[in-house]
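> Letter by letter, the chains look like this.
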Amino acid sequence: MEIPRHWRLKKQRYGLVGEVCPHCDHKIFPPRDVCPNCGDEAKEQFAFSGKGEVYSYTTVYEAPAGFDANAPYTVAIVKLEEGPMLTAQLTDLGEQPISIGMPVEMVTRKMRNDGDERGVIVYGYKFRPAPLHTTA
Amino acid sequence: MTDVVITGIGQTPVGEHWELGLRDLAVAAIRDALKDAGGLKPQALFVGNMLAPNLSNQAHLGALIAEYAGLTGIEAMTVEASGASGGAALRQGYLAVASGMVDVALVVGVEKFTDKIGSDVEEATATENDADFESIHGMTITAQAALLMKRYMHENEIPENGFANFALTAHANGVANKNAAFQKAIKAETYAKAEMVSDPIKVFDMAPQLDGAAALVLTRRELIPSNGQSLLVKIAGSAASSDTLALHDRKDMLYFDAAQISAGKAMKQAGITLSQINFFEYHDIFSIYAALQLEAVGFAIKGKGWKLAADGEIGLKGKIPCATMGGMKARGFAGGASGVYQAVEAVTQLRGQAGANQIAGATYGLIQSLGGPASTAVSHILQKLDWSNPDSV
Amino acid sequence: MTTPNTQTSPTLLKPVKPVGIVGYGAYVPRYRIPAKEIARVWTGSKGGGLPIKEKAVPGLDEDVITMSIEAARNAMLRAQIDPTELRAVWVGSESHPYAVKPTSTVVAEAIGAVPSTQGADFEFACKAGTEAMVAVMGIVGSGMGRYGMAIGMDTAQGKPGDALEYTAAAGGAAYILGPAEESLAVINSAYSYVTDTPDFWRREYQKYPEHGMRFTGEPAYFKHITEAATFMMEASGTTAKDYKWAVFHQPNTKFPQRVASQLGFSMEQIAPGLLVTNIGNTYAGAAVIGLTAILDIAQPGDRILMVSFGSGAGSDAFDILVTDKITARQGLATKTQEYIARRTEIDYATYARYRGKITMK
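Heads up: the protein sequence lines correspond to chains A, B and C, in order.
Mapping to numbering that gives the first Met the number 0: the first sequence position 118 is 117, numbers consecutive.
Mapping to numbering that gives the first Met the number 0: the second sequence position 325 is 324, numbers consecutive.
Mapping to numbering that gives the first Met the number 0: the third sequence position 169 is 168, numbers consecutive.
Please keep in mind that the hints were generated in silico from the structure rather than gathered at the bench.
Check the hints yourself; a few may be wrong.
[Said to hold, decoys possible] Residues of chain B placed beyond 12 Å of chain A at every Cβ, according to the derived structure: (1) ASP114; (2) THR139; (3) LYS149.
[Claimed, not checked] SDA-like cross-link-like pairs, simulated, lysine to any residue; straight-line CA separation at most 20 Å: (4) A/LYS26 x B/THR243; (5) C/LYS206 x C/TYR353; (6) C/LYS360 x A/ILE2.
[To be verified] Away from chain A, derived, C-beta distances all over 12 Å, residues of chain C: (7) THR10; (8) LEU12; (9) THR65; (10) SER67; (11) ASN73; (12) VAL106; (13) ARG257.
Predicted model, so just to flag it, every value in this text is computed and none were measured.
Backbone N, C-alpha and C define an ideal beta-carbon position, used for all residues, glycine too.
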């Protein structure tokens, strides 16, 4: 069981909470308290919009233990609107073809069970084709 | 600084060693290497291993392997840097001997992939990625390489099967290596028809994960006994560098910075330029890694690593022979042993004992061991000493 | 011996401070299985008489928590309030992912409503969501909190081959209630009608519910909805003609149509909220997602009657009046029909996998 680890990261998993550097305004995800851009201290929280585009993607057929029930699934590197990139699964693809540059948006989904079906459910970010809705 | 030389090499065949455990493999390679070194007594043991705690529920390999090799009492510890563990263990051995604190160091790389099966192996190898921000998304090491390769193919115009020659060359070179897992050449159409593993990575774009162990005996040149190994190979350059663990944290994920930095430092220490390197043992666990290493080290410009292979320049008679004994693709990827296998094979070349795969007149070999997508890169320049005139070098 | 009924004449539930809907949001998962595909597996070619056209099926990575989070985020987009002002996040469902551990805390955490909030899961078969709405009316109407959120959401399961399998679907909606003056629709009043009527149930540790077949009709669904609606209209001095729209719990296409007729409503009045034909019976989500579909197209001044039904049994009726604030908020989040239009059809095998109907161990 890894309850503490997943619990500790809930702000990142549920809300894409990273940081913004007060020195160079660089947006940081995952948060790390040292700005990867200027090297200064960066502890100010910043919630990302969840909008981004596919930078690269692939399909996993042979999944690690804990993920095999959902295989095959698509893993992508997503470039967030605010700059940083992150790794996430793409979901709700249906028959939609994926392409590099495709716009995607963050949703919260089940990532895995912590252990087996008796463990807690780990929730976190995935991305789906966007936009589902254009603000009128 | 006094020369640190590799005076003994040993290895087991790479494969599915169902009947052998971690300790058996390590001890076999160690005994082989000590025999080759001709009677030197090691004072320290550096074990390169990637995943024994996950794959075999076994940590603390230093004491275990020292004991089973009959060396209880010597300094012994594990060096872990994922796939670069072997290269990192070699570097620790080198530093120990070069510093003068240790006279004879034993370096052994060992990995036992087949103690677990199926998705448990994928789970174990994924621990080299960022657990909180990559592995939790179901990322595997193959998926990570696929993300790199997909982006590489997006940014560069690559013909269909443009990566084929990495596999074809490795398999051709594996034929004459009795320790290689695959000693059979493959045809271009075999590569092309292979099953897709993680788009765009096909079966022959990745190395098989197998068991194996390789060992080296390191000492300072002046300590070699008169009846010891006479075919000496010097560690002319040794360097390591790190990069972000997660691929998504890279400024430019299509450039292996750590590979460039460590190779550059090693060459500088050796006092040589790229053109003096006679062969390159790269970390071809994935074809895309091989391409990116050729670019990072400088053998190809950015985006053209695949082309160097496609043009046949990585073959034994090419501009820069690579994976001369089959590489990870044909010899097999034995995790933390891989970097030590590279050294064993490079020494074989520099001793002139590579048989059908011999690079004529090989003096300098570059070996580069990677952890993940060059999150760690360890580079060594090995140099043949002129044993007809030991004082000339 | 029965306890004598000491209840004085019933009254409507009217908060001390007027309460309304400040924001609302729907969610329907992407996948659909046609009823005829289910029939193909269980009854062969015997066609006709199917209760709906198709139903919504959640993906492998969805459950009531993830679906509630998306509906809640849509409600937040429309409400445009600070999430820390939500003093309650209550989720009604019969398919909470955990037997013990609240759905509501995950939802509250995901939308930033923690820690100064109530959090609890409601269960009352298909009316758990509207029960939560009444409870939030209490928080807001008493002045204990400025805003509160109520969600009705389900990933309903029917036993393979059972009549319920044709309709048991996934979806629902979230509502943020707050002061009437900030609302896109004012809730004039609510009224609940509850009796012990065992028409449908699921025992602890059982995967699929049982039901009383035709007993679920007259004494359960029709009785409770008509009693709740009739009292509400009598007490409010209204008739069906005073409402522009109405939405009733929708376990299949026929029931809500029939109960609407019995109460004097036309098919036009229930049309926009009648979603069951295309998404199935979303249980705790069924009435409330019908209401989001109506709110998506409603005009200022429209009056709406919503009556839920939950087995066991009870109905909650709501008398709702749309304000002029609705127009600016309808387009701020994904509309119910946009979710319904996003559709990928799956076959029974895929459905069986997605719904965990294939025994793996």
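> Next step is simple, just say for each hint if it's right about the structure.
Going through the hints against the structure:
Non-interface call for B/ASP114 relative to chain A: holds, since the shortest CB-CB distance, roughly 14 Å, exceeds 12 Å. Its beta-carbon lying about 6 Å from the closest one in chain A, B/THR139 breaks the requirement of being farther than 12 Å from that chain. Remark: the non-interface label on B/LYS149 conflicts with the geometry, its nearest Cβ contact in chain A lying 5 Å away (cut-off 12 Å). With a CA separation close to 17 Å, the supplied pair A/LYS26 and B/THR243 stays within the 20 Å bound.
For a cut-off of 20 Å, the pair hint linking C/LYS206 to C/TYR353 stands: about 15 Å separates their Cα positions. As the CA atoms of C/LYS360 and A/ILE2 are separated by approximately 25 Å, the hinted pair breaks the 20 Å bound. Look at C/THR10: its CB is around 41 Å from the nearest CB on chain A, clear of 12 Å, so calling it non-interface holds up. For C/LEU12, the non-interface assignment is confirmed: its Cβ lies about 33 Å from the closest Cβ of chain A, beyond the 12 Å cut-off.
Taking the minimum C-beta to C-beta distance to chain A, about 5 Å, the non-interface status of C/THR65 is violated against the 12 Å cut. Some Cβ of chain A comes within 12 Å of the Cβ of C/SER67; the nearest lies about 10 Å off, and the non-interface call is violated. A beta-carbon of chain A comes within 12 Å of the beta-carbon of C/ASN73; the shortest separation is about 9 Å. Once the 12 Å rule is applied to beta carbons, C/VAL106 is inconsistent with being away from chain A; the minimum gap is 9 Å.
With a least CB separation of 34 Å from chain A, C/ARG257 remains clear of the 12 Å interface cut-off, as annotated.
In this structure, the hints that do not hold are numbers 2, 3, 6, 9, 10, 11, 12, in rising order.
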